[in-house]
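J.: Here is how the chains run, residue by residue.
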Amino acid sequence: MAAPLTTVPTVPPGRASRRASRPSTQHQRFNTRAGRAFDVVNVVLLVAVGLLALLPFLYVLAGSFATELEITTRPFFLWPRDFTTDSYASILSSDAFVRAFVTTVVVTLVGTLVQLALTALMAYPLSKVDLPGRRTIMTVVVFTMVFSAGMIPTFLVVKQLGLLDSYWALILPMAINPFSLIIIKNFFQQLPQELEESAKIDGAHELQILRHVVIPLSKPVLATFALFYAVGIWNDYMSPLLYLNDQDMWTLQMFLRQVTASASLSAQDMGAELPPPAQGIKFAVVIVATIPVLLAYPFLQKHFAKGMLIGSVKG
Amino acid sequence: MTAVVDVEQAGTPAPAAPPAPRRPHRGWARVVRYRWLLVMMLPGILYFLLFRIWPMWGAQIAFKNYVPFLGIQGSEWVGWHHFQEFFSNPDFPRLLGNTLILAALSLFVAFPLTIVLALLLNEVRLSVLKRTVQTLVYIPHFLSWTVVVSLTALLFAIGTGPLSSFLDGLTGTETNYLADPDWFRPLILLQTIWKSTGWGTIIFLAALASVDQEQYEAAVIDGAGRWQRTWHITLPAIRPTIIVMLILQTGEILNTGFEQIYLMSNALNRTVADVFDTYVYFTGIQQGAYSYSTAVGLSKAIVGLVLIFGTNWLAKRFNQQGIF
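If you read the sequences in order, they're chains A and B.
Quick note: to get the working numbering, add 1379 to the position in the first sequence (first position is 1).
Quick note: to get the working numbering, add 984 to the position in the second sequence (first position is 1).
Source of the hints: derived by calculation from the structure; they are not laboratory data.
One thing to keep in mind: the hints can contain errors.
Unchecked claim - Between beta-carbon pairs, the in silico distance windows are: (1) B:Leu1030 with A:Thr1463: 51 to 61 Å; (2) B:Val1093 with A:Arg1415: 43 to 53 Å; (3) B:Trp1020 with A:Thr1464: 54 to 64 Å; (4) B:Arg1301 with A:Val1426: 38 to 48 Å; (5) A:Gln1569 with B:Gly1011: 45 to 55 Å; (6) A:Thr1452 with B:Asn1049: 55 to 65 Å; (7) A:Lys1598 with B:Leu1113: 28 to 38 Å; (8) B:Thr1159 with A:Phe1678: 22 to 32 Å; (9) A:Phe1558 with B:Gly1272: 31 to 41 Å; (10) A:Thr1518 with B:Gly1011: 14 to 24 Å; (11) A:Asp1465 with B:His1216: 58 to 68 Å.
To be verified - If the Cβ cut is set under 8 Å, some of the chain A residues that face chain B in the computed set are: (12) Gly1429; (13) Val1439; (14) Phe1455; (15) Leu1457; (16) Val1519; (17) Thr1523; (18) Leu1535; (19) Val1536; (20) Ile1555; (21) His1591; (22) Met1617; (23) Leu1635; (24) Arg1636; (25) Val1667; (26) Thr1669.
What the hints assert, rightly or not - Rough simulated footprint, nothing fancy, chain A against chain B, three-plus residues with beta-carbon under 8 Å: (27) 1017-1030; (28) 1066-1079; (29) 1242-1251.
For each residue, glycine too, the CB sits at the ideal point set by N, CA and C.
For reference, chain B alone in the conformation it holds in the complex (with noise of 0.2 Å):
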């Protein structure tokens, strides 16, 4: 039997092709002969224990009374208590508001401008240029984001800065536009397309890539005009495309990006500025309440968890590819 295996596996050739299946051992046996294979896997199985199922472990302190010198074990349980809390909290609502705001913001504006710029881009015949143009938009989004705030607040300084001069031109007053609420959420979102829609473009670009031409081909002989054709051609063959990437959105609809929100935040804007995130890192980390803040942060990744299954078992549900 082995024999025959063996033979046949010396008599196909098959460059490329995927390993092809081998006699299974079994057991112990297996891990015999795989033995190295798996001591060399222990550092990264003790990196997962460690930073990625401990803290799961230590999640726990959500429904206890976590006091740091008794440690998890030793805190007392006290159930629903810090959600309820949460949940009846009038943080709350303003937090989910604040993110739900941004996260729409981010989906139906920045979102379809991404695609937008890559439909366009698909449309440059001339090569060099589309490049060019691809090579200098994708640069901000290796910035960081405290490249980018900061940026944002030498073009915004108060009557200096360019962007704020011609702003406080049209208006004829001087506005300090990184204080001002009404002026958070458009820098935002400002900011996320400046950084993210050229990066954003790639992976449309690769689906462009794949549709069939034949079908542009027949659709000019059939008298199609351009808008026609994108319509009816280009944007159905990347129609997969575009609904993995709004499953993908979706399920990070709560996570609006720490590290931008909390640099962009001030004592001034609070009101509009703070979201789950920051909220958690205030609440936590500068004021100590980690129970609290913990049963929040676990709030927010479950609803996470919810809205990606829901989006993809939605997306099946309407005979879509979906990405599980």
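Bound-form chain A, shown alone (with noise of 0.2 Å):
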């Protein structure tokens, strides 16, 4: 029953005795030669991975900057020595790629939306020990986490439903996260109860307590996992290849993969029609693939840690 993350204890024990220390227990611990030597040789090193995370990225931003002839016979900058915006040019002037990109913010929008309320509907009332039937839901779901029909059950389904080159295709399949209808259950029933009672003593709605007392209380861990959702449909490739045939509909990823892999081989015959475009296109689009992810990046990083680990308390 308890999700996986249980087994980590959030609050650290440690730390009050570790205050409590001598500091020069903490001094004779580290400052040996060797400690030291390690010491160095271990910042160098992280600094490298954290160097390498990004360094594809940033090639990729200079090449985006690039003329066509510098990509080509330049292997490795991370500044561009013509810098010019021709590639951001040239995909700006292309109907797919903009009816793509605008595609992807709506559908990443109202996704995010469905996701959310749903998720917070359905986690409430799950939080009430005593729902009549919550046993019997919570091992659905936790069922659901551990077993799936599979990708072609699913794909009739889908198609039963007569969502194939809908829109809906990419967001009600995956509409509610089971892990994460988990961790916020979780949350909202470590909420104090007295609030919720005392609301409902001066006659409000179980609706209302919702929106009025348990989804402020929640806020920082609803954005996140908001985020989280966003992200998620952002980056998605699967619900589209799947779903959606007509390719006056695609969606970002889709795009982006046909215009990078147009030059290498291919098993899959998309973009076969349209010659192979030129690298400085490539470097741009994933470029714009990739922005909005970096830009909620902070927002996500400033809670993920603590959204993640918040469910642990229970299980």
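Fit the two chains together into the complex; they arrive one by one in their own frames, and the hints show the way.
T.: So this is what it looks like as structure tokens:
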């Protein structure tokens, strides 16, 4: 029943004792010659690892502002010699790109709202311990976490519901993630009951309690999940691949795939009609597909560790 | 009786404690009491019924000869036919091999690297530096597989990419790394490490933060070096976390990640690139063999279920904490 994260204690018990320890112990503990050598090596290594995480992206960013000639002749650079925005100009003039971009923005916004609303509306009742049927529903939810019918049966359901070639197919089949449902439920569960009780005494309706008491108290957690949902939908490639046949409906990830795969050999037949786009365009499309995620990242980062571990309080 | 309970409830200030056990309502009284909450849940329940349970019912087509025109109910039962066909198909050992090799690479290379990175980060005392590195290594987790594969394609572009020209310089030949079957697995592993190692450290860093600091002080007084402290204090302390993550990883062995593999596979590397997930897509969606591909997917899901419960059982056998 417990979510997998339960085993990680959230409160570091060593905090108090660490503060109480004499500074000399700390000193003694690290300032040997070998210890200092290790520290230096460790810092250098970690800085290198950090840069490696960023370097491919920085190269592509530089390449997106470089000329075609520079991309094909200079193997590696982080600053273009001749700065140009031609690549961006040419993708912005492409109808297919603009359409894919707008589509993806709209689907991401609507999808995030749907996911958030459905998850919160289900998590709140489930946070009430003696809700009738709670055990059964939770068992089903946990079961769907470890076992899924798979790609084809889900595809057939989507088809049966008439959602093929509809943007709802990108949103509805994954409207509730069981894992985040459980985390949000656990969070609601540990909110002080007194507030809800007193709102009820004042005559508030359940929906009003959710809107005016529970959700304001859970804003950071819900915001974190909203960002995760948004990134998930933005990045989704499998759903449009499975459910959208109409090329005019494609999302940005599909467009990106078509553009970058066209020169390299590909088992997929998409993009076969188009001539291989110039290198610079590929660089620019990768950047455009990435920038929104990077813009959301600082907000994500502020909360995710907290948000991810918050559900671990109880199962 | 009720009065006593109510007085007790009122008299016990229990801030942040689990909700005090209420007077149990029975049957209909409970349903009536919670009717609005139950109504609130309807969209969610409908979602689970439509998109999670209905497909499970539909998975019966694995045992039928599904013809879309006849519908799931109307199609004829064929028993284990599709399973037999799959297990006797020469594709099966190849798919299994490819899947297991990729899983092994991830389990024996990427997973230990995550723990090593977490341990190294834990040793950094300059918290600004620690936080900066953490911020950087988490970023790739949020990029889509399409972006990661596109980055790979640009970095390894034939003759012009930075990494392909570097490797070409070392070997003296021009290779198309993206199409070469020998390079498929190294590239997949490289992508996996780049994308998920940093993010994977979060859970270990949380566990590391809760290790009792007094043990380290005692160990220092006993003359233990940094390596001995890591081996005898840190690693045992985070062992439960490592085991839980191992169990979860094992359950995922057959889930190679559809998007990554699909995007990296092409006509030239299919012999090593085909795994169960992509095979289901190619046979089911592209060739329309719905029943056969459902049987493949179902076998995979059941093996995954057995694996996760099996490792959990093993972990408990050896006196470790499981996840169930």
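J.: Can the hint on Ile1555 of chain A be confirmed by a CB-to-CB distance to chain B that is less than 8 Å?
T.: Hint holds; Ile1555 of chain A Cβ to chain B Cβ min 5 Å, cut 8 Å.
J.: Verify the interface restraint on Thr1523 of chain A: the C-beta must sit less than 8 Å from at least one C-beta of chain B.
T.: This interface hint holds because 4 Å falls under the 8 Å limit.
J.: Close enough to count: is the Cβ of His1591 of chain A nearer than 8 Å to one in chain B?
T.: 15 Å, violated
J.: For the hint on Leu1457 of chain A, just tell me whether its beta-carbon gets within less than 8 Å of chain B.
T.: 10 Å, violated
J.: Quick one: are Thr1452 of chain A and Asn1049 of chain B within 55 to 65 Å, going by C-beta?
T.: 58 Å, holds
J.: Can the suggested window of 31 to 41 Å be confirmed for the beta-carbon pair Phe1558 of chain A and Gly1272 of chain B?
T.: 32 Å, holds
J.: Under 8 Å is the threshold here; is the Cβ of Phe1455 of chain A close enough to any Cβ of chain B for the hint to stand?
T.: For Phe1455 of chain A, the interface hint holds, since the closest Cβ of chain B sits about 4 Å away, which is under 8 Å.
J.: Given the range 45 to 55 Å, decide if the beta-carbon distance of Gln1569 of chain A to Gly1011 of chain B lies inside it.
T.: 28 Å, violated
J.: Just to be sure I understand the hint, the distance between the Cβ atoms of Val1093 of chain B and Arg1415 of chain A should be within 43 to 53 Å; is that true here?
T.: Hint violated: Cβ distance 30 Å, outside 43 to 53 Å.
J.: Just to be careful: measuring from the Cβ of Val1667 of chain A to every Cβ in chain B, is the smallest value less than 8 Å?
T.: 10 Å, violated
J.: Given a hinted range of 28 to 38 Å, is it respected by the beta-carbon distance of Lys1598 of chain A and Leu1113 of chain B?
T.: Holds, since Lys1598 of chain A and Leu1113 of chain B (Cβ atoms, about 31 Å apart) stay within the stated range.
J.: Double-check Arg1636 of chain A for me: the hint is only fine if its C-beta lies closer than 8 Å to a C-beta in chain B.
T.: 5 Å, holds
Violation of the numbered hints given earlier is confined to hints 2, 5, 8, 15, 21, 25 and 28; the remaining hints are satisfied by the structure.
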